[in-house]
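Student: If you read the protein sequences in the order shown, they are chains Y and B.
Position 50 of the first sequence, counting from 1, maps to 49 under numbering that gives the first Met the number 0, and the rest follow consecutively.
Position 148 of the second sequence, counting from 1, maps to 147 under numbering that gives the first Met the number 0, and the rest follow consecutively.
Hints in this document: simulated from the structure, not taken from any laboratory.
Hints should not be assumed to be uniformly reliable.
Claimed, not checked - One-sided excerpt, in silico: chain Y residues whose CB lies under 10 Å from chain B:
hint : residue
1    : E4
2    : I65
3    : G136
Claimed, not checked - Below 27 Å or equal to it, Euclidean Cα-Cα: the simulated DSSO-like pairs (lysine-lysine) are:
hint : chain 1 : residue 1 : chain 2 : residue 2
4    : Y       : K127      : Y       : K231
5    : Y       : K248      : B       : K368
6    : Y       : K175      : Y       : K231
7    : Y       : K231      : Y       : K248
8    : B       : K368      : Y       : K231
9    : Y       : K90       : Y       : K175
10   : Y       : K248      : Y       : K260
11   : Y       : K248      : B       : K380
12   : B       : K290      : B       : K380
From the three backbone atoms N, C-alpha and C, an ideal C-beta is built for every residue, glycine too.
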Amino acid sequence: MRVTEQMRYDGVANNLSQLSSRQAKAAQEAQSGVRVNLPSDDPIAAAQLARLAASQSQVAARRSTISAVRGDAELAESSLQQASDLMAGAKDLAMQAGNGSLGAGERATLARQVKDIRDQLIGIANTKGTSGYLFAGSATETLPFSTSGAFNGNDDAHVVDIGNSTPSAVNASGAKAFTTAGGRDVFGDLDALYNALNSNDTTAIAASLDGIDRSRSQITNAQTAVGITLNKLDASDSVQSAIDLQNSKSISDVGAADPAKAYSTLVQLNNALQQSVTVGKSILDLAAFKQF
Amino acid sequence: MAGLNNLLNVARDALTAQSYGLNVTGQNIANASTPGYVRRVALLETQNLGTQSGGGVRAAGLDRVTNDYIERRENQATGTASAATARDQTLASVEALFNDGAGTGLGSALNDVFASFSALASNPNDTTTRANVLAAAGAFVDRANQTGNALSQMQIDLMQQAQDTISQVNQRAQEIAKLDMQIAQATMQGDDASDLKDQRTQKILNMSGLINTHTFTDGSGNTVVQVAGTTIVDGQHARSLSLDRNADGSLKLLVDQPGGGGSEITQFLTGGKLAGIKDARDKDLFDVSQKLNTLVFDVASAINTQHALGTGSDGGTGRNLFDVGATATNAARDVRVSVDVFDHPDRIAAASNAFSLPGGSDNAVALSKIFDTQIAFGNTKTAASAYGDIIGSIGSTRASSQRDVETQNAILSQVQSMHQSQSGVSLDEEMVNLTKFQNAYQAASKMIGVADQLMQTLLNTVGR
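Extracted from the complex, chain Y is given alone in its bound form (with noise of 0.2 Å):
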């Protein structure tokens, strides 16, 4: 074959242009310690890649949820220990006023202790989280027990989305904790309590101590109910975070270059370009005309 100066030119010129771009593309991926820096360099892995970060994405927002959520029920839990408490003390008061010794004046001070229990159970019930008041339903911003124990809430749950195929009610039902949505008035059972008391009825004392009991059960219950959300919400947080690291995995299996094969494939390249290099210029010097 006929070899012409131009076809020498055109030899090394290519050689050196397919062996640069190679080896600028794997000093990139040495350099970024990523695989995939465009769609090209591997489409189903970039398809893969934008898959995952969605899913990251969603996971990401589920455990926010989570967290956000998580103060209120904790609040409401100790809310309800509290209220629990009380209404035990409000138990004992009852007890302490069926000892037949006392007399009306002191079964009034009775009373009025277990005024004072009501009114703080009022306030227990009032009280407000960061997403408004904890035992209002969906009537957030409305003060849900008045001072004559009226509810003006609802029973709505709070829902949102921490993974579970059907969406989770996280918020603990005022209703059914202190009104007769849940089987008993409590507010009205301490009313009974503490009318029995001011009217130094023994009887209606003796009779007002079921209600009382069933009263401080009903709250129990509401509390193991947000027991169990709470429950629920560390159970999806650790599933959550299992996906988390799953998808980072993968993200990282998908996407990011191997340190050691990249710095090897590099450190080829580099030789093999500077070899190149060598020989087109051994090759350009062998012109005749320098001999003649």
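Guided by the hints, dock chain B onto chain Y, whose structure is given.
Tutor: Just chain B, lined up with the frame of chain Y:
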């Protein structure tokens, strides 16, 4: 019988012929790197002196070492390689647009919209989470608009590029016709037309890079140039091409008819930059735009439907979150945050009905659940999956186009190498020729010296 004078004549002719050879060699060396230069070979032949043998040498002219077959193959390979390169350039820009690391980041904006619904559900009565929904929707709309606009702009730019390419083709055609005329004149006057032919070959090669070009020589020896299957230069006459748009916006290539008007030759456009531009514009960009528009339309519509079912904290219902047309056409470019809710965070419908205000979050959860629902591409894909599909298809289109460019360039360099091997200047060869002609020239000079000496000897002998 040849005399001494004849020897002098032979030597004189030899000097002329060898210096012609030196000239041709010099020309080859001077043009060793001139694009399109075809090496010349000095044609020397023996000169007959009547019936007598022992004649001298004469320069009969030049041979231009070409091969029509290889030239045609080079034209074709140039066309295919330019088409692949032109297409790849556009695909590179498209790819950059959808590169979530550095591009417009449509994917993450889409994810953020759903994340904002999730956050809204956790605190539906909070103005900040409501404002965040609007902000995320706004960011998504911005990204979609930017991407849609960038794609439309690319289509406009490609149309402009196609126009420029057509004017270049038309200009080349004029130049080739003019060169044909000059070549005909030169040949008629007995001049050497090699330089003009080099120029014509180069122009045709140049034209092959713009549009698929084929040449042949007709019965009367004229070079006929055809582009996209249509004769554009015939002898000394050139016709011109023009561009138009079909109803669907795709490019239409026309060749002007002598009587006015044009006939369509789009289907014969198979190579050159113009073919690459058309492919990129009418196929690749069209596909990407369509998928993007469909995705944006599907997402916006699904969110709108759910949002309209819910109730804002102001008690209003039936509102859309996005303003999007009735069909997917241009949805990416034209989608907006709905005027129903724009600047009104309280109108974001987190609750499913007015009774559950202000703490109801059912609708916010339903909105965030759209993320997991197959709402895109005819309800076959989730939004994220559909976006992944778009990324994947852009990536594989670009990857295959890159491979195409590499392959076509390799074929082209192969053909160029063949062409060079045939028609290129080899300095080694020219150095040998230089020495050859130089030696022959020196020997011819010597011959004059010898003839002169012989003559002197003869004169001295005879004159004594």
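Student: Failing hints, ascending?
Tutor: Violated hints: none at all, because every hint is consistent with the structure.
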